[in-house]
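Based on the hints, put chains B, C and D in the right spot on chain A.
Number of protein chains: 4
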Amino acid sequence: MGSIFGQNFKISVFGESHGPAIGVVIDGLPSGFTVDFDNISEEMIRRKPGSMPYSTKRNEPDNVEILSGIYGNKTTGTPLCAIITNKDQKSGDYDELKNLVRPGHADYSGYVRYKGFNDVRGSGHFSGRLTAPIVFAGALAAQILKSKGIIIGSHIDSIYNVKDLGFDKANITKDRLLELRKMDIPVNDKSCREKYLGIIDDAKKNLDSAGGIVETAIIGIQAGLGSPIFDNVEAKLSSILFSIPAVKGVEFGEGFGIASMLGSQANDSYYFENGKILTKTNNNGGINGGITNGMPIVFRVAVKPTSSIAKEQDTINIKEGINAKVKVKGRHDACIVPRVVPVIEASAAIAVFDLFIGQYGIESFMEESRDNG
Amino acid sequence: MGSIFGQNFKISVFGESHGPAIGVVIDGLPSGFTVDFDNISEEMIRRKPGSMPYSTKRNEPDNVEILSGIYGNKTTGTPLCAIITNKDQKSGDYDELKNLVRPGHADYSGYVRYKGFNDVRGSGHFSGRLTAPIVFAGALAAQILKSKGIIIGSHIDSIYNVKDLGFDKANITKDRLLELRKMDIPVNDKSCREKYLGIIDDAKKNLDSAGGIVETAIIGIQAGLGSPIFDNVEAKLSSILFSIPAVKGVEFGEGFGIASMLGSQANDSYYFENGKILTKTNNNGGINGGITNGMPIVFRVAVKPTSSIAKEQDTINIKEGINAKVKVKGRHDACIVPRVVPVIEASAAIAVFDLFIGQYGIESFMEESRDNG
Amino acid sequence: MGSIFGQNFKISVFGESHGPAIGVVIDGLPSGFTVDFDNISEEMIRRKPGSMPYSTKRNEPDNVEILSGIYGNKTTGTPLCAIITNKDQKSGDYDELKNLVRPGHADYSGYVRYKGFNDVRGSGHFSGRLTAPIVFAGALAAQILKSKGIIIGSHIDSIYNVKDLGFDKANITKDRLLELRKMDIPVNDKSCREKYLGIIDDAKKNLDSAGGIVETAIIGIQAGLGSPIFDNVEAKLSSILFSIPAVKGVEFGEGFGIASMLGSQANDSYYFENGKILTKTNNNGGINGGITNGMPIVFRVAVKPTSSIAKEQDTINIKEGINAKVKVKGRHDACIVPRVVPVIEASAAIAVFDLFIGQYGIESFMEESRDNG
Amino acid sequence: MGSIFGQNFKISVFGESHGPAIGVVIDGLPSGFTVDFDNISEEMIRRKPGSMPYSTKRNEPDNVEILSGIYGNKTTGTPLCAIITNKDQKSGDYDELKNLVRPGHADYSGYVRYKGFNDVRGSGHFSGRLTAPIVFAGALAAQILKSKGIIIGSHIDSIYNVKDLGFDKANITKDRLLELRKMDIPVNDKSCREKYLGIIDDAKKNLDSAGGIVETAIIGIQAGLGSPIFDNVEAKLSSILFSIPAVKGVEFGEGFGIASMLGSQANDSYYFENGKILTKTNNNGGINGGITNGMPIVFRVAVKPTSSIAKEQDTINIKEGINAKVKVKGRHDACIVPRVVPVIEASAAIAVFDLFIGQYGIESFMEESRDNG
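Residue numbers (the working numbering), protein chains in the order written: chain A, 202 to 574; chain B, 202 to 574; chain C, 202 to 574; chain D, 202 to 574.
Keep in mind the hints are simulated off the structure, nothing from the lab.
Computed from a prediction, not measured in an experiment: that's the story for all the values here.
The reader is advised that the hints may include incorrect statements.
Treat identical chains as interchangeable: a pair holds within one or across any two.
[Stated by the list, open to error] The list that follows gives simulated cross-link-like pairs (lysine-lysine, DSS-like), each with its CA atoms no further than 30 Å apart:
#: 1; residue 1: K288; residue 2: K275
#: 2; residue 1: K275; residue 2: K375
#: 3; residue 1: K530; residue 2: K275
#: 4; residue 1: K481; residue 2: K316
#: 5; residue 1: K481; residue 2: K528
Isolated chain A (complex conformation):
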């Protein structure tokens, strides 16, 4: 009824932006996996406000505290609970907005859903801050997947009206993805970095914000993962991707572009190369009939511009029942796209790992885990 995702690998996310703590319970981990906490920290830093050149100055330390599920740096196999204590929050920043419904936010829809009883400070449970525990869980899932040779990486395909070079979908290398993971603004065409920063800077100066598109690839997944009709790879991925705040579109392979192709262009022709089955193009994004075909899984995610802008907007005062104006103050990123990248990758890792466990069993990862210790 809300904040639990997964069928076999389950995460249960909790917390409100200005409450005592946020966190996640992860159920369905293999036992005996040695966790690389430094790697998890790096992922969480990628998501953190303040880690980008342009980013908001809020002091969110995101120091994770593990309450259970880890013993001697290894997973116990029983539920892992990780929490992040909330600190240094200025509730006052939000108080004046209490009755002014912020456009683009869940203020109004959440008010109706929870009859006005939800904690609205800092957007409460709707806050982008809740993606921190998702990044934690996803970074852990990604480590386990990596032990099976599966790598996830992304580039920022566009911000506002500037576009990066897209992936060559049929030929994405591990090195390329690992390189992208190291960039603060991951791009294929390096000249885009400055352009993107320029757009974000302009938006900020204009008390406005900018959106963008992230393109993500997953390589190393063998053919045969996923099940028709409903437990297919696209359904699972889209389901968790649309749970990321600000996401308004998800497409696989050529996505919406495939709709203006002919069949002879869209179909990916198979061929043998050194005994391996490959496709010449990858317009289907590595998925046919909802099942992986061994080619890179490629998808794109549309991220809307930050809803919180300092520019004056029309809105309503819901308490007084009148039309009103609002300027959303506080420290908000003029563009959250770079910070969404690790959230998308973490979410993808969670969905893919859940599918893996359902099909290959938790035990198949535990054989692995015994060796890695």
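Then chains B, C and D, alone, in the frame of chain A:
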């Protein structure tokens, strides 16, 4: 592990294209609802091959047989099983293709998933024919939703390179949607119908196929439906929409377009009108924070061109382990987009009804049902 | 919301006793498993009315029709739908009882649950007849488990006031279980058969009915199956066992008897024998902390006497709102315990197989399946 | 995959006995419900070691810290996380037992399940301590149910060979249940208290332990709750009850006793009294066909004697692969039955509330909640 969808309103779809029968078990219906079977038949005819001007001539009668769950034209409240017996199938058409992996299809991914044991005749469980039971279940869900004032309708937003007028997302009327449901090629700009048919005709002549985009609206849903983080309306809808064969993209409101907007353009400003809370624009597609805001839910679905084309394509012979050529014979639509429209609408009805039951309870629909008898 | 069981191996049961057909959709089967349909028929005959010496004469052929999921006698891996068409039903037998609520039945509770719209003929979806598809699904699961060396068997521990010899819980052999499966009235002490039949005969003559207890053993399951806290073996088994009509109690190992033991008696001491870890006693029924310990899983199920009796009983006329008398006519078994045995075994197979798939993965059974063809 | 229970009202339990903290995330609460934390504390004290006359002296403060989901003493409707920090644990007590498998415990089965990586200190995630968060969640569910007139109460039906007076199942009053809740050793026949304490004292002196049976009643549930076939009330309750450590049997109404009744004795006759539909007896424990019939729900739970006993027992040394002897030291209750009572009641509240939400909707409780503020 595959073909069951839903948390409270559950559908379990079964069958292979050339097996004895396909069908669906629907669990979680309110009791006492008087079913309009004529309406269900109309929906199924919309999906049927042969019902479109250009459509394939396969004789699929889609005569539904109800095995359980209906007594005296009313739902009993216990599981409803509906089956469609397969008739007049020419297996021979497919036999020669057995080892030639058809590009764009699930032949290869399915072969690996099921170790070669799945029924491949007519694409088996991957067949588009399996959308017939989904339309049945969705038409029934839509009837129940309609009794609460909720209407679903669509237009074909584009086929290949021709584009219809999009919805005026903040101002979609019931009359408009009902009118669209009556068109064989539902379009806002009536001149598009002939253009679309022309494109399809051309594709067919060239032994090729064409894709397109469907834009769907749901009106009449009050604010407050859906739950963060994961049981949100976008996640649920996208999950079932990506389960429709050939769908490669899903977007809400302005979708991918919103990524190139500024925040001040993307945010939908609230205002009061006659005591009702509305938004001036509807770029968010009626959903904020994953919860409905009372505005029309609007989403677009990208449908790839039919994978089965008569034109020669490169591929592999999986048995012999060599590269090969294939021409996919048989009776295939050069464009399935019009036939996908009722499948999208049915899928949306199923997802929305499932969310309704979880939030308002099955009993809330049973009060209703007692009155409608 | 009712008739679907399982997390990874899912069965969806449908149908009403006097409707067109009953059946089951089985989702989550491994592909390529060669089904022994004769064995399934035998199991279904064990459950069938008329197959016991004393049993009712209703003509229920239980001829199963497979609609999907089987191709060339092997599982395809996609959903298997099996239906049983209802024939030779005399609705008239039940019509007069329509408003007379039968004590012990779900007539009243079902009336409230479904607001009077459920199909009450022959108890509708509540009918014991609905256990036929469960036996079908369970017999199939049991075959797959048997290919891994897992055997399930039972004896009738008591009927009314006569008691059989209980299992020697720490020493149950495969031969013993297979022998029991061949008996019409499975008992450890063969002299019980006549006594049981005598009790049933007496009950019948007195227009009454008798209950009993079934004790079941599962051998061949390795240690380590099941997960604390909630996905434990006892929870899963009890959950499906309590879904069998007439079951009012479930206990594992010494069950309720363990409550009057001291800890030093109840604890099962471990010892090594030829490198194998065993316990001297098996008071815990092969399960510690919800996880199998490698010893036989042993549980007992209490079955109440058939609710339908010809003897006059006090009740109400729900339509007229007055107290009344009722004699339940029709062809009813004076004791259903022997017919419940295969239902219990089938249910246990379903629950155990579901746990197996979650832990070891569907693929682990598919390796197997490729060999068995 | 383990520690999550529920379909609509979900609890996710985490933690190990000697880890940093244990806790629970509760998802699916109505918003706006004013929580009575004093009442929750009382329930947790009932479960706490040291709260019974005979009880172990371990200092477990069970001070609950709320991390999310509560704002101004009311539920927000978003996930509530409550944690209990572990303090004053003497790991040393357990260290020597590391390789000596304790009979009756999950040491061996857990070792295999988790390949030896689970945290075994104080039984880790298998510890009875993990019932504390279940009591927290259940006490909250019980409060909400109480606002609808539903009351849960229990008496200790037996300890070892001494038996209390059973409930008069068809006539259980609210006052009786509330009175029982106030007793440290809840009994119907007050003379049992001393006898029970005597047995426990004897067991302790003999370095042994004693089991018992708890009988629980739920009153105030209207007819019509639950769904055949699998989502029935008995299946849901048994599923969570068998998740409580030490539970080896669950029965409803007359339970195993009904197996030695005739149908004419077992059937509960209906009658009208002041327009209300009642049954003369309640052998079916308020449930017919898996659905409530409006009579009290009555069930009994068998609790085995504490597995940890100081008496010497035969066992194995799993590391050395030899037979061995073990005495389980540490502070253990000679009888946990009284402390299990609040756990059973809490578990029942969780299962029942989950069924309520599925059937009546979370919104039906929110109307209520707005009034109670």
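- Determine which of the earlier numbered hints do not hold for this structure and return their numbers in increasing order. Going through the list in order, the structure violates no hint and respects every one.
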